[in-house]
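Enquirer: Kindly generate the complete structure, drawing on both the sequences and the hints.
Line by line, the protein sequences are chains A and B. With the numbering used here as the guide, the letters of the first sequence map in order to residues 1 to 110. With the numbering used here as the guide, the letters of the second sequence map in order to residues 1 to 114.
Simulated coverage check for chain B against chain A, where a stretch passes if three residues somewhere in it have a Cβ under 8 Å from a Cβ of chain A: (1) 37-46; (2) 102-113.
If you anchor each label on the Cβ, the simulated ranges turn out as follows: (3) B:Val13 <-> A:Thr39: 19 to 29 Å; (4) B:Lys56 <-> A:Arg106: 33 to 43 Å; (5) B:Val13 <-> A:Gly51: 38 to 48 Å; (6) B:Pro114 <-> A:Leu55: 42 to 52 Å; (7) B:Val45 <-> A:Lys65: 23 to 33 Å; (8) A:Leu80 <-> B:Ser58: 44 to 54 Å; (9) A:Trp96 <-> B:Lys54: 20 to 30 Å; (10) A:Ser84 <-> B:Asp94: 19 to 29 Å; (11) A:Gly40 <-> B:Gly100: 20 to 30 Å; (12) A:Pro8 <-> B:Val12: 26 to 36 Å; (13) A:Gly53 <-> B:Gln15: 43 to 53 Å; (14) A:Lys65 <-> B:Thr78: 39 to 49 Å; (15) B:Ser7 <-> A:Asn18: 33 to 43 Å.
Treat the hints as calculated values from the structure; they're not laboratory data. Beta carbons are placed, not taken as given, at the ideal position from N, Cα and C, and that holds for glycine.
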Amino acid sequence: EAAVTQSPRNKVTVTGGNVTLSCRQTNSHNYMYWYRQDTGHGLRLIHYSYGAGNLQIGDVPDGYKATRTTQEDFFLLLELASPSQTSLYFCASSDWDTQYFGPGTRLLVL
Amino acid sequence: KTQVEQSPQSLVVRQGENCVLQCNYSVTPDNHLRWFKQDTGKGLVSLTVLVDQKDKTSNGRYSATLDKDAKHSTLHITATLLDDTATYICVVGDRGSALGRLHFGAGTQLIVIP
Numbered sequence: 001e002a003a004v005t006q007s008p009r010n011k012v013t014v015t016g017g018n019v020t021l022s023c024r025q026t027n028s029h030n031y032m033y034w035y036r037q038d039t040g041h042g043l044r045l046i047h048y049s050y051g052a053g054n055l056q057i058g059d060v061p062d063g064y065k066a067t068r069t070t071q072e073d074f075f076l077l078l079e080l081a082s083p084s085q086t087s088l089y090f091c092a093s094s095d096w097d098t099q100y101f102g103p104g105t106r107l108l109v110l
Numbered sequence: 001k002t003q004v005e006q007s008p009q010s011l012v013v014r015q016g017e018n019c020v021l022q023c024n025y026s027v028t029p030d031n032h033l034r035w036f037k038q039d040t041g042k043g044l045v046s047l048t049v050l051v052d053q054k055d056k057t058s059n060g061r062y063s064a065t066l067d068k069d070a071k072h073s074t075l076h077i078t079a080t081l082l083d084d085t086a087t088y089i090c091v092v093g094d095r096g097s098a099l100g101r102l103h104f105g106a107g108t109q110l111i112v113i114p
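Expert: Dropping the structure here:
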């Protein structure tokens, strides 16, 4: 069974704060993704990567940076958090057949 | 513009009843369509994937159809259980693998009551 873990599971910060969301997959997948999920919207792709050191821009990248340090680890960085970034964030990894999702990180920016 | 529309937005059924969830999309190309189940506070879990021009799949109490000409899919859940309470998300892929860009619907929230 594919395994994708995220930390923290919940995070509260203030406007202008610095936040790092972590994702680790133990499936040896090359592709990893960061999404945000908001009420009334489908998951929206923020950034993705197809290997260590690689980064691709998704559909809603503004205000986010990402870094893929190893095949296993993919980080999402909010350097100046804003209330509009309050959301549920999902990480995923994929092989050829399907994407495997982590449990999500709920972020609240006050 | 939203490319994957799901209906209804929410649905309440009694345990044991059947239900049908709809997905209409405008994604092109539409290589495959996948249905996910998302339990509250958890990630998405794949239920089934449809690939062919007119496709049908079955996975236990879940069955799905796809008509690429109509760009329409349905997910049927028979004899619902309380554990079926979740959000069901329709996802269209534009390539022949999960590595391509995925287009997500906003989901249908299903609530199963005793």
